[in-house]
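S.K.: All chains should be built: construct the whole structure from the sequences, respecting the hints.
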Amino acid sequence: MIRLQPEPIDPELIRRSLEGTDAGGVVLFCGEVRAITGEVRTERVVYTAYEPMALAEMERLANEAAERWNARVALVHRLGELRPGDIAVVTAAACAHRAEAFEACRFLIERLKADVPIWKQEFGPDGSVIREGERTVEVENAGEVGG
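Each residue of the sequence shown is one higher than the last, beginning at 589 in the working numbering.
Derived lysine to aspartate or glutamate pairs resembling EDC-like cross-links, with alpha carbons at most 20 Å apart: (1) 708 x 620; (2) 701 x 674; (3) 708 x 631; (4) 708 x 639; (5) 708 x 595; (6) 708 x 674.
Label pairs and their computed distance ranges (CB to CB): (7) 656 x 717: 35 to 43 Å; (8) 716 x 605: 33 to 41 Å; (9) 716 x 648: 30 to 38 Å; (10) 654 x 596: 23 to 31 Å; (11) 713 x 605: 35 to 43 Å; (12) 598 x 647: 15 to 23 Å.
To be clear, the hints were calculated from the coordinates, so they are not data collected in a lab. Where is the CB? At the ideal position from N, CA and C, for every residue including glycine.
M.R.: Structure (structure tokens):
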């Protein structure tokens, strides 16, 4: 399951998409919109993407994780306006063992944040822009996760 979507993300639907009797470990990471950025209250966040490239890159990452950890994986990211507490992104991995599932899931979120053309714009309560145009966060050694 690889998606960019404006509607709320259902983590249980994602978990069910990875079901299988061969997986002893299923890990989901849910990234939520924070209420505070630095010392400023976040009123809302707007996510945008260059969708064709973002989906292609998400597919590439999913294939890499699936091969590297013999995993079934999912990557889902919201687009549009979100409020604090909303789920913005879910990465998930199902593997034979929990260690590999954790490694694959972490690899997916770290690489998604570093490589996929998705941008966020954060707004404070007065409508002022707190942060704009960043790809999300900087990631150190994300490509080295899991060996």
